[in-house]
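*Asks:* So you can see what is in the structure, the chains are spelled out below.
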Amino acid sequence: MIEIDDLRVDLGRRTILREVNLTVAPGEIVYLLGRNGAGKSTLLRSVCGMAPLRSGEIRIDGAPLRTAPSPARRIGMHLGIDPVHPGHTGRRQLRWLAAGAGVPRSRVDEAIALTAIGGYAGKPVGGYSLGMRQRLGIAGALLPDARNLVFDEPLNGLDAEGIIWFRGLLETLAADGRSVLLASHLLSEVQRSADRVVVIDDATVVADRRTADVVDRYGDLETGYLALAGARDGAA
Amino acid sequence: MSAATAAAGQVARGVYAEAVRSSGLRGVLLRGALPAGVLLPLLVTYVIAFAFERIAHFDGSDITVTETTTTNSVFWVLQFTVAVGTITAAFAQASALRGPGRDVDRYLYPRSGTSALSRWIFYGLLSAAVSLVLVTVIMATLAPAFPTVYGQVDLTSSAGVRFLITTPILAFFACGLGVGVASVIGHPAGSVAFLLLWIFLVEDSMYLVPDGTRVQAYMPFLNGIWSTGQEIVITPMWGKDGALVYFALVSTAAFLVGTGVLALRRRRS
Chain R
1 MIEIDDLRVD
11 LGRRTILREV
21 NLTVAPGEIV
31 YLLGRNGAGK
41 STLLRSVCGM
51 APLRSGEIRI
61 DGAPLRTAPS
71 PARRIGMHLG
81 IDPVHPGHTG
91 RRQLRWLAAG
101 AGVPRSRVDE
111 AIALTAIGGY
121 AGKPVGGYSL
131 GMRQRLGIAG
141 ALLPDARNLV
151 FDEPLNGLDA
161 EGIIWFRGLL
171 ETLAADGRSV
181 LLASHLLSEV
191 QRSADRVVVI
201 DDATVVADRR
211 TADVVDRYGD
221 LETGYLALAG
231 ARDGAA
Chain B
1 MSAATAAAGQ
11 VARGVYAEAV
21 RSSGLRGVLL
31 RGALPAGVLL
41 PLLVTYVIAF
51 AFERIAHFDG
61 SDITVTETTT
71 TNSVFWVLQF
81 TVAVGTITAA
91 FAQASALRGP
101 GRDVDRYLYP
111 RSGTSALSRW
121 IFYGLLSAAV
131 SLVLVTVIMA
141 TLAPAFPTVY
151 GQVDLTSSAG
161 VRFLITTPIL
171 AFFACGLGVG
181 VASVIGHPAG
191 SVAFLLLWIF
201 LVEDSMYLVP
211 DGTRVQAYMP
221 FLNGIWSTGQ
231 EIVITPMWGK
241 DGALVYFALV
251 STAAFLVGTG
261 VLALRRRRS
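For the record, the sequence lines run as chains R and B. Here the first sequence stands for residues 1 to 236, numbered as in the numbering used here. Here the second sequence stands for residues 1 to 269, numbered as in the numbering used here.
Keep in mind that the hints are not guaranteed to be accurate.
A short list of chain B residues far from chain R (calculated; beta carbon distances all over 10 Å) [stated by the list, open to error]:
#, residue
1, Gly14
2, Leu39
3, Val44
4, Arg54
5, Thr71
6, Val104
7, Thr136
8, Ala145
9, Thr156
10, Arg162
11, Glu231
12, Lys240
13, Asp241
14, Val257
15, Gly260
16, Ser269
Restraint-style ranges between C-beta atoms, simulated for each label pair [said to hold, decoys possible]:
#, chain 1, residue 1, chain 2, residue 2, range
17, B, Thr252, R, Arg105, 30 to 36 Å
18, B, Ala8, R, Arg13, 33 to 39 Å
19, B, Arg268, R, Gly37, 17 to 23 Å
20, B, Ser269, R, Arg105, 47 to 53 Å
21, B, Arg31, R, Ala25, 46 to 52 Å
22, R, Arg54, B, Ala8, 26 to 32 Å
23, R, Pro64, B, Gly242, 43 to 49 Å
Source of the hints: derived by calculation from the structure; they are not laboratory data. Computed from a predicted structure; not experimentally measured. Here a beta-carbon is modelled for each residue, glycine too, at the ideal position from N, C-alpha and C.
Just chain R, with the same shape it has in the complex (with noise of 0.2 Å):
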């Protein structure tokens, strides 16, 4: 379960959210929505402890993350598709990424295998495609096999098939009970996946809505969107 109460972050002088109540429990996908800047990712690097926090909790499980043994192994996460290691292959990355986190090396071959990966896993990163990233991110968030997921726009890239792959995959990690938190531009992808959507604007949350209601009132979620967020004149 992932828990967040009263959260600011500042950055410099900046205050790039404030007030931020969320909460995603197990078995639920929840998509964060809003314009670029709006402060999802900053909020998803939060909760992976990476951003320091001027006020209020993230808990991750009932506990900070930062009082874990291994905070990799409480929470899976894929933020980004740049390589840290361009010369790395792909299986050594997951190698590095599983000693890091003291996840067992057999569980690389399973998160290989887990997002079809097997036949590039031998090759550099830095000549990976964007959806080849994807999958590699994807199955770095897997590795540690944690009850608590985040992804940061994990559909950038995929082709048709990854995207329904991956549509697959958000079900069977809610099936199996755990909490997934993801941000995406691509509301006809979040319309189908998510249970609910939470709208960031101006530093904080402005609507936390279960997707069935939006689509209910609005009649699709890209219109839902658009009035939830007051953004109207098409700036997002």
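With chain R held as given, fit chain B onto it using these hints.
*Replies:* Showing chain B alone in chain R's frame:
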């Protein structure tokens, strides 16, 4: 599980992760540290020994070659292996915390100094082990292979034993200094450039500044090399054992300053 146990576990995982990160066909160990820190000092040592031995055997030559003592036998290991270990540790530290690596470091290790300490331990132990093997091999083979010039080199002499003990200690602490400097500078190329200039230019040319001889006695790497028994022209007032302690203290201080900077950076971004 206590906080100390959890922290120790994270450091141990960090050491293993660094071993995975740096190894492989495209890793910094195989492509950088091995040729520059192992093959180069061996090559230079044996090429010079071969040349001197040949010159010593020239009939009717006016050139005379002085016999080399144990205290001058592993100079190139002290110069290259220790420096390359330092620079490799610095490069690894700075490159690990650039771009997306910075986020992964924060995700894997909640304490800002964990991965830095892991790198010091990994590269320090590796550099210590490699330098121990190199000084052993060189001191054991020079006398039988090149008896005219290197006949006096003796692994079991007091000077030889001092090299065996002090060179790994020097190599270990030098890596801590490298990690500390890289943590402050925060840029791989900048860290490497700074250390290269410092080790091979600044310390050696310090005697050119006013009262330079006295200042040079405080140079950390020169103290470290002098502490092994290697003949160099500095005479710190604290003696050879004191010089090794001095180098260890300077290195540890540099590492601590580096971890302080890392903690500040984490708090700000």
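*Asks:* All hints are to be evaluated individually against the structure, with a verdict given for each.
*Replies:* Do the hints match the structure? See the list:
1. Gly14: For glycine 14 of chain B, whose nearest Cβ neighbour in chain R is about 7 Å away, the distance does not exceed 10 Å, so it is violated.
2. Leu39: At roughly 21 Å from the nearest Cβ of chain R, leucine 39 of chain B sits farther out than 10 Å, so the non-interface label holds.
3. Val44: holds, 29 Å
4. Arg54: Given that every Cβ of chain R is farther than 10 Å from that of arginine 54 of chain B, nearest at about 42 Å, it holds.
5. Thr71: holds, 41 Å
6. Val104: violated, 6 Å
7. Thr136: Its Cβ never comes within 10 Å of chain R, the nearest being 31 Å, so this holds.
8. Ala145: holds, 38 Å
9. Thr156: holds, 40 Å
10. Arg162: holds, 37 Å
11. Glu231: Correct as stated: the minimum Cβ-Cβ distance to chain R is 41 Å, above 10 Å.
12. Lys240: Holds, since 39 Å exceeds 10 Å.
13. Asp241: holds, 38 Å
14. Val257: holds, 21 Å
15. Gly260: The assertion about glycine 260 of chain B holds, with a minimum of 16 Å to chain R.
16. Ser269: violated, 6 Å
17. B:Thr252 - R:Arg105: 30 to 36 Å: holds, 33 Å
18. B:Ala8 - R:Arg13: 33 to 39 Å: Holds, since alanine 8 of chain B and arginine 13 of chain R (Cβ atoms, about 38 Å apart) stay within the stated range.
19. B:Arg268 - R:Gly37: 17 to 23 Å: Between arginine 268 of chain B and glycine 37 of chain R, where Cβ atoms are some 20 Å apart, the hint holds.
20. B:Ser269 - R:Arg105: 47 to 53 Å: violated, 33 Å
21. B:Arg31 - R:Ala25: 46 to 52 Å: Since arginine 31 of chain B and alanine 25 of chain R have Cβ atoms about 48 Å apart, the given range 46 to 52 Å holds.
22. R:Arg54 - B:Ala8: 26 to 32 Å: For alanine 8 of chain B against arginine 54 of chain R, whose Cβ atoms are near 30 Å apart, the range 26 to 32 Å holds.
23. R:Pro64 - B:Gly242: 43 to 49 Å: holds, 46 Å
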